[in-house]
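**Student:** Using the sequences and the hints, build the whole thing.
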Amino acid sequence: MRASSESAVRVGLVYPELLGTYGDRGNAVVLAQRLRWRGHAAELVEVTAGAPIPDSLDVYLFGGGEDDPQVMASAGMRNSRAAIDRARAGGAAVLAVCAGFQLIGHSYEAADGTMIDGLGLVDAVTRAGPNRLIGELVVEPDLPLPVLTGFENHGGRTTLGPSERPLGRVLARNGRGGDTEGLVGERLIGTYMHGPVLPRNPALADHVLSWVVGDLSPLDSTTEEQLRAAQLHAGSARGLRKWWQERVLARG
Amino acid sequence: MSLRSLRTSIAITGGHVAGWLSRVTGRGQGATISGRVINAIAPNALAQLATGQRVALVSATNGKTTTTRLLAAAVARTGERVVSNATGANLTSGIAPILAKARAPGLAVLEVDERVLPRVVDPLGAELLVLGNLSRDQLDRYGEVHAVGDLWRHAAETHPDLRVVANASDPHVVWAATPAKTMWIDLGLGWRNDAATCPNCAALLSWSTDRFDCPSCGFGQPATPNRLDGDTLVLDGTRVPLRLALPGRWNLANAALAVTAAATHFGVDPHDAADAATTITTVAGRYMTVALPNGRRARVLLAKNPAGWSEVLHHLSVPPPARRNCSVVIAVNARVADGKDPSWLWDVPYELLRGQPVAAAGERAYDVAVRLRYAEVDHLVEPDPLAAAASLPGDDVNIVASYTQFSAIYRRFG
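Chains A and B are the protein sequences, given in the same order. In terms of the working numbering, the first sequence opens at residue 5 and continues consecutively. In terms of the working numbering, the second sequence opens at residue 318 and continues consecutively.
Treat the hints as calculated values from the structure; they're not laboratory data. Some clues are possibly wrong.
So the derived label-pair ranges between C-beta atoms look like this [as the list claims (entries may be wrong)]:
| hint | chain 1 | residue 1 | chain 2 | residue 2 | range |
| --- | --- | --- | --- | --- | --- |
| 1 | B | W524 | A | S221 | 36 to 46 angstroms |
| 2 | B | G547 | A | E50 | 28 to 38 angstroms |
| 3 | A | L220 | B | T595 | 52 to 62 angstroms |
| 4 | B | R509 | A | R90 | 29 to 39 angstroms |
| 5 | A | E50 | B | T526 | 15 to 25 angstroms |
| 6 | A | D116 | B | N361 | 36 to 46 angstroms |
| 7 | A | D121 | B | A520 | 13 to 23 angstroms |
| 8 | A | L220 | B | D530 | 42 to 52 angstroms |
| 9 | B | R671 | A | S11 | 22 to 32 angstroms |
Using N, Cα and C, we set each Cβ at its ideal position, and we do this for glycine too.
**Tutor:** Here you go:
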């Protein structure tokens, strides 16, 4: 647990101009609001492009972006590696989505085919895939959480090193399943899921927050559950069944 | 008819039948399906149909339908016959049936989809492009903004004689139009979130209050004596007041672009062109009012991406005394024509609507509702936008709809 009860939790949105193309700002809004609604002080800190990333943030959010901005973001992130390491050692959490997920790995293949160095926070490498994966995604997480729902839109394929653990198993991707999705590490999540991922999956938001502030009081999430039901149905009948089993049958 | 081959004539007849079938079966307005039939029967139809027409093409992420309408009205002041795709059907297949209506030489003012634009410059023999703005829209379908800018630029590079009238304050548009013979106008619109890096060298662009520059390669906002100054167009020193019936500063920008094109390319007196713009009150259903079940009326607006929404919110988030009287229905679908990923809702500052009556509507009403919950905007959830509007208080009721939501309302009332 990193944040003391007196100080505000600092939710850091890193380079929103570069890594904000796909609505991932919403993850920062959700984390800050779910803290405030429980009586915690929270501060949404935007780290603007070109500025050094400070070591004082409690959560580091890296979002999805376009090709050139992703190259630009990688340089700034590498330059701030020491600050991020200090924060991580002090208990800070990381949520990295899409381009951001690629950037926390060792390297990724840019649009022109060159390999660009990432932060190397995790043992992962991203190569360009044969096509773009676009559509609803339903994932059974390797965490004690309900099924995850999101929307993916990316060309890269990320390969995890043998010691890394995927975030979960794909139940449905364009109607098919079988692959793994994302990565879960120590106080760290990498994923391709937009939507954004945290408003679609409030339990995952609380999971990230619990790394920072410890146990959380329950919060009404009826509105989010209605959205989840609709999108799990859209993502796959299988995903919906799983959700139904967990939400309804598991209650007995 | 003598200019057209038999094949093209058959194609047009087939297209009319398909369009009629589309309308009577309630599937659409018929322009797109009729164009598809025409293209299938006669692939050279576009080139044949455009023979004898002076063609101007209008494209942008936001405002292309309105700019086209305003430009068509303005160039009609030349006394020439003008054809234009007034319904917003802007794919190759939507353009053909419009040109087929032109029975004599004249002017064709055509709205074109951003991705289709480079493909139709040659077959239509276009002489003018009018380029408004580029920002993210339907990322699942169009891809990233830079890619669309590069497509446009390729069209400009390969057509050195093409004339362009373009917005000088949008980096993507400037990148695209620089190789052409371009008349610039500084429209001064504020959406910068999709142009953080230089389209030329990928360095960070630096933005000041009134211009952008690349500190690395020298790319920047071109100097021009033409600009939009409040509600006045300044055209090479001449001040032209724009008195629009259409709302919002975004329509002032659309009008400034249209008047500049009409004046500098078609020789219309700019005051006449501006006068023509004042006569436009609705554009293919945009800004029309519809009757609600309880006898009140609601105004219908189209907003389909963060840049468009940021302009609409600037207009609809009213000062405190009127807040309870100005209600907003946010009606969002995520079909193919809307973009299948409504994540963009999180890049719109809906927090500005706190204290106003708001409803979440459309097939993705729950996505809107979750967004509004985290924005702490009190709201009701009602998928039917008209029922939602009827449930809200206030005299000033606005339905702001994504593309397919808007089209459904337009089909019903337009």
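**Student:** If a hint holds in the structure, say so; if it does not, say that too.
**Tutor:** So, going through the hints one by one against the coordinates:
| no. | hint | in the structure |
| --- | --- | --- |
| 1 | B/W524 / A/S221: 36 to 46 angstroms | holds, 42 angstroms |
| 2 | B/G547 / A/E50: 28 to 38 angstroms | holds, 31 angstroms |
| 3 | A/L220 / B/T595: 52 to 62 angstroms | holds, 58 angstroms |
| 4 | B/R509 / A/R90: 29 to 39 angstroms | holds, 32 angstroms |
| 5 | A/E50 / B/T526: 15 to 25 angstroms | holds, 20 angstroms |
| 6 | A/D116 / B/N361: 36 to 46 angstroms | holds, 37 angstroms |
| 7 | A/D121 / B/A520: 13 to 23 angstroms | holds, 19 angstroms |
| 8 | A/L220 / B/D530: 42 to 52 angstroms | holds, 46 angstroms |
| 9 | B/R671 / A/S11: 22 to 32 angstroms | holds, 27 angstroms |
Checked against the numbered hints given earlier, this structure breaks none of them.
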